[in-house]
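Please take these sequences and the hints and turn them into a complete structure.
When the letters of the sequence shown are read in order and numbered with this note's numbering, they come out as residues 294 to 869.
Source of the hints: derived by calculation from the structure; they are not laboratory data.
Watch out, some of these pointers could steer you wrong.
To be verified - For lysine-lysine, the following BS3-like pairs were computed, each having C-alpha atoms within a straight-line distance of at most 30 Å:
hint : residue 1 : residue 2
1    : 573       : 587
2    : 747       : 861
3    : 729       : 667
To be verified - Using C-beta positions, here's what the derived DEER-type ranges look like:
hint : residue 1 : residue 2 : range
4    : 622       : 784       : 32 to 38 Å
5    : 604       : 552       : 26 to 32 Å
6    : 382       : 459       : 44 to 50 Å
Glycine included, every Cβ here is placed at the ideal spot set by N, Cα and C.
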Amino acid sequence: MKRRMNLINTLVIVLAVLAVSVAVTFIYNRMWLGNQLTWMRETIRFYSSVVDADTENQIEILKKLNSKYRSVRVTLIDPNGDVIYDSDINVNEFRLENHAERKEFREALLGKLGEDIRRSESVGEDSFYFAMRVEGGNVVRLSQQWKNMAGLLGKAMPTTAVVAVLAIIISAFFTHHTSKRILEPIDYYAENLEQIMLAETEDIPVYDELLPFVRELRVQKKTIDAHLEELKYQSETINRLIRDAREGMVLMDSDLTILSINTSAVRLLEGDVGSEYRGKDFLYLCRLPEIYHKLEQSSDSEHETFTVEMSSTLLRIYINRVLRQDELYGVMMIIADDSENLRLEKQRKEFTANVSHELRSPLTAINGYAELLKNGMVDADDVKRIGGTISDEGRRLSAIIDDIIKLSQFDESKVQHVSTEIDLDAYLQQILAVYKEPISQRALKLSITLEGEKTLFFPEAMLHDVLDNLISNAIKYNRDGGSIDVWVSNQANELRLRVADTGIGIPEEHIGRVFERFYMVDKARSRAISGSGLGLAIVKHVVEFLGGKVFLESEVNQGTTIEVFLPKTDLNSDEG
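So this is what it looks like as structure tokens:
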């Protein structure tokens, strides 16, 4: 507090001295300027009255007058604006520019007292000018440098600094003694605060003004004590909830030393329930490399989720890293038994595999009938119709099987992907060529926009799955005469794809499910246009596999826009 009082006093003194200096300088500057302008006007009139019409005589008279008033610059200018004489510059050695356009010169030629204030090009200072025409048509001009306020302040700064320092020293002396007398009782209260708060009496020496403060402190102490009791109760309650929770919870410091752990965590991690793990390294509880490496490694993400298979259970583990100024402060780990989800996941994978297997049998039969038709073993009247139907259904069934297999490979993480160099311009034209006929038949307007680099190093098959399915859907679910906009942006670190159509759109309640397998908004329409319900599911799995994101916006009878963001990381590898 003493330091603050000294600082405030010093600041006030410095500001006051500066304010007074600025005010005095400003007033002096205004007075000086007014007096100087009046003097200059009188002087120019006097100069113009004593010279005759002869130029040489004018120069001699002006030299004599100038020797008396050396602070004033005298210039003699002919009617054309050329300088005949200048008291500061030898016009024979240094030719001055023509003054015909100078304001004061033009006004003097009109018989007026010409005046102007501007920066002098020859001396590089702000000056004010006065000019009058004399006998013979020449113009006498007087000029003098203008002492602006900034210059005056600069000259006054040393004196101002000395005054400020003296004022600060005097103020510091009085402030020290005054603050000491004021703060002595407060220091007493600070040293004996506990006794004052516990005392019932209000007989406090010196300052009666501090009584409300003491009363408030006593009230606050009682309130704090009550809050401490409540916090203690809440802490005990939280500890009981954590201890009895089905999910495991482990709290660790930055060194992975266990600070708190419940029984469920010990049981799920297959530790000894009867042992004490607090204060010990996490390795004493669990030595699984999958878990410990996740805890030990640094990560850009504060949150991380992964699964670990134990001897009899599948655990889903959530790690929350607590960071303080980008440094690890602690770790909280939540452990849940995910065995039931594992069972459902296995059922889903088996279902996908079974569906693909079951669909191959009828496909073989369809192809067999197609061969019979081809060999002429069916009546001629039915050959074309039956053969076309079987062939179309065969291709459709084959495509569904391929899609199901793709999804199954994603489920099993057995996707093969090799990055190759792709000419995007030619690649887009190649994909769109497949749909040239339906686009023409339905009079669809197609626009393609390609931004960024024309060459892309990327898994071609996966890029094809995404673009082909998006463009196919935009055609199938569009209205006749509608439009399709395909936009591809190939940037340094990211590939962005967007396909927008003006088709039938998707009702809002269905938007969240269109990426599910076999999900169709309008099943009758989807079957009529050979939709399988797997296209967007494949898009979603490809995007997620590549670490990207997909966004969908749609409005009924207005159209649908799907945008995909794909990071350009090192994808040149095979899995499975």
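Evaluation of the provided hints:
1. Note on residue 573 and residue 587: the hinted pairing holds, with a Cα-Cα distance of about 18 Å set against a maximum of 30 Å.
2. For the suggested pair residue 747 and residue 861, the alpha carbons sit about 15 Å apart, so the restraint of at most 30 Å is met.
3. About 28 Å separates the Cα atoms of residue 729 and residue 667, which keeps this hinted pair within 30 Å; it holds.
4. A hinted range of 32 to 38 Å holds for the C-beta pair residue 622 and residue 784, which are about 36 Å apart.
5. Separated by about 27 Å at the C-beta atoms, residue 604 and residue 552 satisfy the suggested range of 26 to 32 Å.
6. One distance hint, 44 to 50 Å for the beta-carbon pair residue 382 and residue 459, holds here, with the actual separation near 46 Å.
Of the numbered hints stated above, none is contradicted by the structure.
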